[in-house]
Amino acid sequence: MKIVESKLINATPGMVWEIIQDPGNMPAWNHKCVFSETPNEIIVGAQFAVAYQMSRERQEMRGEIIGYEPERLIHFRYSGEQNGKPSVVDEILELESRGADKVLVRNIVDITKSGLPKWVQVLAFVLSKIGRKMGDGPLDHIEGLIPKF
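The opening residue of the sequence shown carries number 2 in the numbering used here; numbering runs sequentially from there.
Just so you know, these hints were derived from the structure itself, not from any lab.
By construction, the Cβ of each residue, glycine as well, lies at the ideal position given by its N, Cα and C atoms.
You can trust all of the hints, since none of them are fake.
Mimicking DSS-like on lysine-lysine, the simulated pairs with C-alpha atoms at most 27 angstroms apart in a straight line are:
| # | residue 1 | residue 2 |
| --- | --- | --- |
| 1 | Lys3 | Lys33 |
| 2 | Lys8 | Lys33 |
| 3 | Lys8 | Lys103 |
| 4 | Lys3 | Lys103 |
Computed Cβ-Cβ distance ranges for the label pairs, DEER-style:
| # | residue 1 | residue 2 | range |
| --- | --- | --- | --- |
| 5 | Ala101 | Glu42 | 29 to 35 angstroms |
| 6 | Ala50 | Asp111 | 18 to 24 angstroms |
| 7 | Arg57 | Glu19 | 31 to 37 angstroms |
| 8 | Asp141 | Asn41 | 27 to 33 angstroms |
Generate coordinates for the entire structure from the input sequences, incorporating the hints supplied.
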């Protein structure tokens, strides 16, 4: 089950890239991420510790950079356990230039192998499509971190 969100941001791809390419910046743009370290090198295969807070439960995971195309795509994979079962979540951020100072940012989160019950996955998917937005999401936070120019 993939949850997809897109937003057109007034910035260059390079400005957005500077924020999203370093896993250590995640807590600044993803309000569910409470900790993430910067790997020694930001390259495919680099691993890092990451922690998410979902309601009251904190989940420690191992992150890995799976895909890296500067100013175009970053693909993170988070591995850990959910309810005693292996959990893998993929998050992809894609950037598409839309003129001189605009970029379409697409955030794709694949929870298919997350260990969450299927009904929770379906509910999350349906709410992402037809539900009313409740607060700012990661793309809103990324936009808020862009210096005004």
